[in-house]
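Can you make the complete structure from the sequences, with help from the hints?
In order, the protein sequence lines correspond to chains A and B. Heads up: the first sequence is residues 1 to 592, going by the UniProt record's numbering. Heads up: the second sequence is residues 1 to 592, going by the UniProt record's numbering.
No wet-lab data here; the hints were simulated from the structure. Some hints here could point you the wrong way.
[To be verified] No farther apart than 25 Å at their CA atoms in a straight line, the calculated lysine to aspartate or glutamate pairs in the DMTMM-like style are these:
id : chain 1 : residue 1 : chain 2 : residue 2
1  : B       : K337      : A       : D203
2  : B       : K327      : A       : E589
3  : A       : K553      : B       : D582
4  : B       : K327      : A       : D385
5  : A       : K336      : B       : D247
6  : A       : K148      : A       : D203
7  : A       : K337      : B       : E166
8  : B       : K336      : A       : D172
9  : B       : K336      : A       : E166
10 : A       : K327      : B       : D582
11 : B       : K337      : A       : D172
12 : A       : K327      : B       : E166
13 : B       : K327      : A       : D582
14 : A       : K327      : B       : D218
15 : A       : K327      : B       : E453
16 : A       : K336      : B       : D582
17 : B       : K181      : B       : D247
18 : A       : K337      : B       : D582
2 protein chains.
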Amino acid sequence: MSTYIAPIRDMQFVLNEVAGLEEICGLPGNEECSVDLVESILDEAAKFATGVLDPINKVGDRTGHVCKDGVVTTAPGFKEAYQLFVETGWNAMPFSPEFGGQGLPALVSMAVNEMWKGANMAFGLCPMLTGGAIEAIAHHASDELKQKYLPKMVEGTWTGTMNLTEPNAGSDLAAISSKAKAVGDGTYLVSGTKIFITWGEHDVAENIIHLVLARLPDAPPGLKGISLFLVPKFLVNDDGSLGKRNDLICASIEHKLGIHGSPTAVMSYGENEGAVGYLIGEENKGIGYMFTMMNHARVNVGLEGVGIAERAYQHALWYARERVQGKIIGDTSSDKKTILHHPDVRRMLMDIKSRTEAMRTLAYYAAANIDKAHAGDAAAQARVDLLTPVVKGWSTEQGVELSSTALQVFGGVGFVEETGAAQYYRDSRITTIYEGTTAIQANDLVGRKLAREKVPGAAMKALLAEMTATAQELEGKAELAGIAANLKNGIKALSTAAEWILATYEANPQAVHAGSVPFLKLTGIVVGGWLMAKSAAIAVQHLADGSSDDFYKAKLATATYFAAHQLPFAAAYAAEITGGSDSVFGLAETLF
Amino acid sequence: MSTYIAPIRDMQFVLNEVAGLEEICGLPGNEECSVDLVESILDEAAKFATGVLDPINKVGDRTGHVCKDGVVTTAPGFKEAYQLFVETGWNAMPFSPEFGGQGLPALVSMAVNEMWKGANMAFGLCPMLTGGAIEAIAHHASDELKQKYLPKMVEGTWTGTMNLTEPNAGSDLAAISSKAKAVGDGTYLVSGTKIFITWGEHDVAENIIHLVLARLPDAPPGLKGISLFLVPKFLVNDDGSLGKRNDLICASIEHKLGIHGSPTAVMSYGENEGAVGYLIGEENKGIGYMFTMMNHARVNVGLEGVGIAERAYQHALWYARERVQGKIIGDTSSDKKTILHHPDVRRMLMDIKSRTEAMRTLAYYAAANIDKAHAGDAAAQARVDLLTPVVKGWSTEQGVELSSTALQVFGGVGFVEETGAAQYYRDSRITTIYEGTTAIQANDLVGRKLAREKVPGAAMKALLAEMTATAQELEGKAELAGIAANLKNGIKALSTAAEWILATYEANPQAVHAGSVPFLKLTGIVVGGWLMAKSAAIAVQHLADGSSDDFYKAKLATATYFAAHQLPFAAAYAAEITGGSDSVFGLAETLF
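Written out as structure tokens, the structure reads:
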């Protein structure tokens, strides 16, 4: 079994040389941040990921947790790991100093969070959900609620959850039927059943702060009648101490394909007198509040695709360096060699490595734009809006595919659970579903982010122009001309598909949405290819300047691979989108 | 939960209208076979699949089997189902009447076997492995061994296994180290450990006939020093009754990602006095014997890709017709509709359906060529040789991908094991590994079947010419011109890639093998696209002739979808192969 090693060199490269960490540290409010500080943070985080989280990843999968009478006991080691996580301050890192956080930029969180996800995705979900709840409270709740709940949540002493889904309200939040009614003293009583609540019940922290979407009695139907409530597991006294148990219980825990270390609860609110809840913000505005936070969560789920692909890669590479099997095609020596020398094993590992690097670069690039947007940069905000569904949808689809490729490297033993490759394959499979399925992301991309944008297509056109400039810059340089040629073809495909969408949407939105997932993948490939091309150019410059750092040679190699093996698929997706929408509806419903 | 329904209409179409069942029934030795007989066989098989095998598929997954002190107890219902399978004559169907079989053509077996695999892949492995052992014995063993073992194996009273893999000999059979020595009375004593033995130990039949690869003391090293032995679990007396237990034991059973209903054993031979074995054929020729049989097994594993994709499709379709969720994009009515109306759900189901049909057509087409080859048709043999790795490699890769798509249709509940979608996803994952990984198939394709063919490229060129003729024929017909255009582009891409391989192989075989898996996928898409185009032409002719059978409309629709959504990827794979081999080796081994 291999050990998770944080890919710090690549992280540093992306942070410093592509995403512009120094610039981000210079933005107002980031004065505490510096390149040196980030370097030491990454080193410490890497130790935590390798030393604490990775060793309990397998037991989380194998043993899972036990649920008895509403009480969940997490897998051995999880409670201790979480407590250490809190004590060492990791939970507080990204949040505002106002509530005890360290206020580090989103860009830095991105690298640190990748480590949690890579080492132990099931564990990483706990702070991720808490973070989402913190965001929602910090942006929308009253000062009283903020003061009462945020310090403990930022610290990590209390965790948070997001309660959206109900049995009949999954992707369609408009169908939510959980209820809330005002008691008259400013509090509410909440009742209803919520499903798929990640870390909805557990024993790692002393209190759980549930954010619950529910309807008030006089609320309008649909999305405009949903309010957001803060519903703590234990009521909190005015002095901050814990009071009585609230009327909510974990009814059961799902038996899932993966992320067994993360308890996914069915939560039942108000089976007796009603669960005491506190309104966040204004009545009937809950969906908007959830969306503020959801965009951030979506980038974080996209990062799970990066983390798990990286981990699966390391594991497969470890095996490929250990396992001696077969004669190497074209090898004239009689030495026995490891399977890393087999052309197809080499191809699989290059494939995972280069595509993971592309996904990482895109995710960090998006995070840098989040930081710039926070500082008031409208263009950066437009870029984030455009790329958020791509980071989420493309990276998770890749994560599933690449963890499958990693399993394939093992051959027969990959199918045996003991090996561990199967766990990454199973764990990754949730990422294209939760926090909005790939189709939800893709529909967001072709709809709100493209065809229904304020100025339709403006954000995409700005991106296409920037990418075209890069391609033109690169084609003059011998080592980069091949990459530039592939990139140009990719940009052309993306541009053609985007133009077709803009021209088609108003008259025939169904036709556009029939190709939304291919369009999302197309965008991911081209933007990923662009960022890898930029990375290659940086590497070539270092090498030309006399650097002997092998890292730059490696970066040029993976970027070249990505351009030759991924960018050609852009044209195929574009053909599917522009020429295939009729055929999606070619079969009458009854003939399926 | 949905019920497995054999896709008889599509099977009949492929058998009768594409693969030429009537012609196959007319071949010497197939006199017993007729189109009508096959129709009733399929009906009966469908009942067995739906009524007996499908209902125990889930319990096989959930409960699995128990192994205690070398004794394996299979999941509830498996023993009874197997006994019924034998009693009703299903096991004997494909084998020679000489040993009690019904001698039906490979083409008919293909359709029947698809049902076993679709309804219960774990169960289907048991007769599949017995079938492989029967083939090897029938072709290579002495008359004495045949008479003693085949009648019971054909009947199914005894099952068979294939013992190839050892801990240090997986894809590399040359590394086999199990030993055998002659006792002097014509028998041998076999010893060694074999792993990944499918149905290696169980309680569904009274005896298990293991075929074991091992080395004699004076054998040359490598592949040319391996002999094949028949090693029964219980020795068989001259009167056919069972004698004493042989010196072999199931040491353990693997804990696998999927196919939990199929016990995968670690087998230990000769821990005490040595396991009594009987040489099959001549000494040191075991590998050749195994390969005879393995080609047949490979087509059958490819068929698992078809069966599991079909099953996953039916399950997802059932859910898409049940589940009401969300407002349909572009729908102006206020009715709540099922998710089948969402463009992306529609796309996913069209994708699974059309690709599964293409895989089915290819597998049956290959089987028809197996039958023709048996009757002495050299061109058919060349076609089978060329397409066997494609049926195996492409269909299984598709099966994994499409069972993932089917899971995605379910959204969140797809990740919950109870739903059942996860089982198909897990079960399918072994198919790209066993019976030779996808890379092994792809290397066979670009090597022995293309570049190192007797006349290099002859079989592929014959196929390309035939496909080109179809495309030319179709482009004149209005309803088929779009399909023809996509097919022509696909053929061009395949032809370009094949020419490049032929031109490159001798000087640089590594470069070719770096693109072997993309080439296998490219071949699958184009040949699948060709067969779907032929199917569409048949459908269009029926419709022109006044048929009101909706099936033909549906076939035209799925073929049109396949052409528009799959064939464009051919060019991308060709670009990867011809322009990307250097970059596979672009990274020094130490820089991974």
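To see whether the hints hold, each was checked on the structure:
Restraint check for B:K337 and A:D203: the C-alpha separation of about 41 Å exceeds 25 Å, so the hint is violated. For the suggested pair B:K327 and A:E589, the alpha carbons sit about 17 Å apart, so the restraint of at most 25 Å is met. Between A:K553 and B:D582 the alpha-carbon distance is near 14 Å, which keeps this suggested pair within the 25 Å criterion. Taken as a hint, the B:K327 and A:D385 pair is honoured in the structure, with Cα atoms around 23 Å apart against an allowance of 25 Å.
Taking the CA atoms of A:K336 and B:D247, the gap is about 33 Å. The hint is violated against a cut of 25 Å. Taking the CA atoms of A:K148 and A:D203, the gap is near 21 Å; set against the 25 Å cutoff, the hint holds. Among the hinted pairs, A:K337 with B:E166 is consistent with the structure: their alpha-carbon atoms are about 18 Å apart, no more than 25 Å. Straight-line distance between C-alpha atoms of B:K336 and A:D172 comes to about 11 Å, which keeps the hinted pair within the 25 Å bound.
Proposed proximity of B:K336 and A:E166 is supported: the alpha carbons are some 17 Å apart, at most 25 Å. The straight-line distance between the Cα atoms of A:K327 and B:D582 is roughly 21 Å, inside the 25 Å bound, and the hint therefore holds. In summary, the hint linking B:K337 to A:D172 is supported, as the alpha carbons are separated by about 12 Å, within the 25 Å threshold. Restraint check: the Cα-Cα separation between A:K327 and B:E166 comes to about 17 Å, which is no more than 25 Å; the hinted pair holds.
As the CA atoms of B:K327 and A:D582 are separated by approximately 21 Å, the hinted pair is consistent with the 25 Å bound. With a C-alpha separation of about 23 Å, the suggested pair A:K327 and B:D218 falls inside the 25 Å cut-off, and the hint holds. The suggested pairing of A:K327 with B:E453 holds, with an alpha-carbon distance near 20 Å, which does not exceed 25 Å. Proposed proximity of A:K336 and B:D582 is supported: the alpha carbons are some 23 Å apart, at most 25 Å.
Restraint check: the Cα-Cα separation between B:K181 and B:D247 comes to about 14 Å, which is no more than 25 Å; the hinted pair holds. Taken as a hint, the A:K337 and B:D582 pair is honoured in the structure, with Cα atoms around 20 Å apart against an allowance of 25 Å.
The structure shown violates the earlier hints numbered 1, 5.
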